[in-house]
Amino acid sequence: MIFVGMDVHVRNSYLIATDEKGQVLKKSRVSNDRDALAGFLDDLGAESMRVCLESTTNSRPIVCFLEAYGRQAGIDLTADVLDARRLRIIAESTAKCDRVDAAAICELARSNLKLPVCYMPDDEVFALREHLRSRQDLVRVRTMLKNRVHAVLHRRGILPPEQGLFAMDGRMFLKQMPLDEAGREILDRMMRLIASLDEELTASIRSLRTLSQRPRWQVEARRLQTIPGVGLITAMTILAELGDWRRFKSRAAVANYSGLVPVVRDSNDKQFRGGITHRGSNHLRSVLTEAAWVSIRRVPKYQQLYSRVRFKRNAATAIVAVARELLEDAFTLLCKQEDFRYVPTSADEPMTDTRSDREIAMSVAG
Numbered sequence: 000m001i002f003v004g005m006d007v008h009v010r011n012s013y014l015i016a017t018d019e020k021g022q023v024l025k026k027s028r029v030s031n032d033r034d035a036l037a038g039f040l041d042d043l044g045a046e047s048m049r050v051c052l053e054s055t056t057n058s059r060p061i062v063c064f065l066e067a068y069g070r071q072a073g074i075d076l077t078a079d080v081l082d083a084r085r086l087r088i089i090a091e092s093t094a095k096c097d098r099v100d101a102a103a104i105c106e107l108a109r110s111n112l113k114l115p116v117c118y119m120p121d122d123e124v125f126a127l128r129e130h131l132r133s134r135q136d137l138v139r140v141r142t143m144l145k146n147r148v149h150a151v152l153h154r155r156g157i158l159p160p161e162q163g164l165f166a167m168d169g170r171m172f173l174k175q176m177p178l179d180e181a182g183r184e185i186l187d188r189m190m191r192l193i194a195s196l197d198e199e200l201t202a203s204i205r206s207l208r209t210l211s212q213r214p215r216w217q218v219e220a221r222r223l224q225t226i227p228g229v230g231l232i233t234a235m236t237i238l239a240e241l242g243d244w245r246r247f248k249s250r251a252a253v254a255n256y257s258g259l260v261p262v263v264r265d266s267n268d269k270q271f272r273g274g275i276t277h278r279g280s281n282h283l284r285s286v287l288t289e290a291a292w293v294s295i296r297r298v299p300k301y302q303q304l305y306s307r308v309r310f311k312r313n314a315a316t317a318i319v320a321v322a323r324e325l326l327e328d329a330f331t332l333l334c335k336q337e338d339f340r341y342v343p344t345s346a347d348e349p350m351t352d353t354r355s356d357r358e359i360a361m362s363v364a365g
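Under numbering that gives the first Met the number 0, read the sequence shown as residues 0 to 365, first letter to last.
Among the hints, a few may not be true.
What the hints assert, rightly or not - Under the rule of at most 30 Å between Cα atoms (straight-line distance), these lysine-lysine pairs were calculated in the BS3-like manner:
#, residue 1, residue 2
1, 300, 335
2, 269, 335
3, 248, 335
4, 248, 269
5, 113, 26
6, 174, 248
7, 311, 113
8, 25, 113
9, 300, 311
10, 174, 145
11, 145, 20
Bear in mind the hints are in silico, worked out from the structure with no lab data behind them. Small disclaimer: the values here were computed from a predicted structure and weren't measured.
Make the full structure from the sequences, and use the hints.
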């Protein structure tokens, strides 16, 4: 068995290969193209090999290449991506250089320790994630452009109509509003870009709706949408970001993976509980939070949780707690293969309008 440690960068990587006794067989910096990586591995002449690398943006294509290389060369090759944040030997190293990191990774690969290996999504999950994150990028760009339109009017002392600028009446207001030459040119340009983004977002939704009808996603996506507040985008985001949800052992494990659990530090009889860890997917947390705002107006138990936490802390913390509960309930539905149902009890509190609470939460978060 040959063990290889890789310290990966954008254009190249530093590789170290050792045998089972830790004897260095080869080490060099290699370009991240297929021929260069294959050349390094060919020189080792191994029948079985384990390659470990840190988690980076380009970890997945490298792992895909390594696995394909192993199949093509007839080598028993295992490629693992290690979670660098959980590897203290790397994360807290005082000598941060490529050779040291690659050697540390190689030594870990050679050990019999249970290493923190990152989940690598398959092609379908990866494609779904790309679709959803691309849509989120488009939404952010459109929001930025809409803010610029408001800024154009604000700098000229023009108050927008109460019904908004981007509905039918608002667009007519913008079209008929007398402006100076620069303001009119900038405003028209922004509105053309917004219209173009609207078309792209419509096409994106159409693609996601088609994906949701595939056998892999159809049943689970429909099941998740039985949760009040969870629509197509939220359901598909949960499925995409969790990937193989069967790998999670409990509801708490799913919440921890999503970064919706608080930071906890214990020392003797003292305990510190801070904000959430923010690990995992920012996209998933954002979508769940938006869904939670709708759910608390429709599901009594979410409303009760929100009210209880808001009374003790604040609105921002409360809605995050609801987002976590919503994700855990979604995981339970997938495990039990059941649709969402909630049986009201006599202890349920009357539902209240929480729109002002959301404004408070956004001001706290900002």
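Tested hints:
1. For the suggested pair residue 300 and residue 335, the alpha carbons sit about 20 Å apart, so the restraint of at most 30 Å is met.
2. As the CA atoms of residue 269 and residue 335 are separated by approximately 38 Å, the hinted pair breaks the 30 Å bound.
3. Simply put, residue 248 and residue 335 have alpha-carbon atoms about 13 Å apart, close enough for the 30 Å limit, and the pair holds.
4. For the hint linking residue 248 to residue 269, the alpha-carbon distance of about 29 Å falls within 30 Å, and the restraint holds.
5. Of the supplied pair hints, the one linking residue 113 and residue 26 holds, its CA atoms being roughly 25 Å apart against a limit of 30 Å.
6. Note on residue 174 and residue 248: the hinted pairing is violated, with a Cα-Cα distance of about 56 Å set against a maximum of 30 Å.
7. Under the criterion of a C-alpha separation no larger than 30 Å, the hint pairing residue 311 with residue 113 is inconsistent with the structure, at around 40 Å.
8. A hinted pair counts as satisfied when its Cα atoms are at most 30 Å apart, and residue 25 with residue 113 qualifies at roughly 25 Å.
9. Between residue 300 and residue 311 the alpha-carbon distance is near 17 Å, which keeps this suggested pair within the 30 Å criterion.
10. Taken as a hint, the residue 174 and residue 145 pair is honoured in the structure, with Cα atoms around 15 Å apart against an allowance of 30 Å.
11. Restraint check: the Cα-Cα separation between residue 145 and residue 20 comes to about 62 Å, which exceeds 30 Å; the hinted pair is violated.
Going through the hint list in order, the structure does not satisfy hints 2, 6, 7, 11.
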